[in-house]
Amino acid sequence: MEIKEILKLAIDELNEQLEDDEKVEFSDDVRFIGSKACIDSITFVTLISIIEELIEEKYNKTIHLVNEKAFSQKRSPFYSIETMSAYIEDLLKE
Amino acid sequence: MIDIKGKFVNIREVDVADAEFILSLRCDSKKSKYLHKTEYNLQKQIDYIKKYKMSDNEWYFIIESKTNEPIGTYRIYDLKEDSFCIGSWLMKDNCNPFEMMEGEYLCKKFAFEQTGFEKFHFDVRKENKKVIRYHKLMGAKIVGETDIDYFFECTKEDYLNNISKFL
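Each protein sequence line maps, in turn, to chains A and B. In terms of our numbering, the first sequence is residues 1 to 94. In terms of our numbering, the second sequence is residues 1 to 167.
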């Protein structure tokens, strides 16, 4: 399963827990962090935990998305679906 | 004077000069949806802070960005035999998740060190589902409830194990 598909599943699962006016669109334009973020800080933490659970389930591999590598990058890997997908692929290769 | 530096935020004790900032958070209709109603009265807030400064069994923190801008509040109070209560956790809209998590972490870490306690407690409105989910992710467990509130407890060990995945 491709990482983007996992991110889609994660957003679907997150949306099940959100109110109608908070639901997140699966789109390259969506921002998860920064001034244009479509989710608040608490929801971001939930999303990260859902993604980690799905990765463990689908890839049988435990990864922590929030780590030194994430903080050391110029642009946050959590910025968009594209950056998050590339970042997770990198982590899975390690 | 308490002034603790973190990676993403700093925390310090509240001052009367913070009264307006606190009211801006507590009187925000969205943020205060699940809080006790606060009247927008600057003098009352100043008096509250002055009273707090005379007390010796609670801590009221201002969470600041690394550029020293106030971005949140947090309170440790209701010290029981082996547990402290957390509350008044409000953050500005534009804060990022790491500022939010580290701000809370630094306040709890301070409280664990000061009290020597191994757990904390708090209550959350049942309707406040996002906050309930966050605290459960951080290891908190429901230990009681009323029609409108859940009562939670969390051990230091569970909290530190879970927050370490994010900070």
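Bear in mind the hints are in silico, worked out from the structure with no lab data behind them. Note that the structure is a prediction, hence the values are computed from the model and not measured. Cβ atoms here follow ideal geometry from the backbone N, Cα and C, with glycine treated the same way. Don't take each hint at face value.
Calculated lysine-lysine pairs in the DSS-like style (CA-CA distance at most 30 Å, straight line) [stated by the list, open to error]:
hint: 1; chain 1: A; residue 1: LYS69; chain 2: B; residue 2: LYS66
hint: 2; chain 1: B; residue 1: LYS7; chain 2: B; residue 2: LYS37
hint: 3; chain 1: B; residue 1: LYS5; chain 2: A; residue 2: LYS74
Residues of chain B placed beyond 12 Å of chain A at every Cβ, according to the derived structure [as the list claims (entries may be wrong)]:
hint: 4; residue: ASP93
hint: 5; residue: GLU99
hint: 6; residue: GLY103
hint: 7; residue: VAL131
hint: 8; residue: ASP147
hint: 9; residue: ILE148
Taking the earlier hints as the rules, which of them does this structure contradict? 2, 4, 5, 6 and 7
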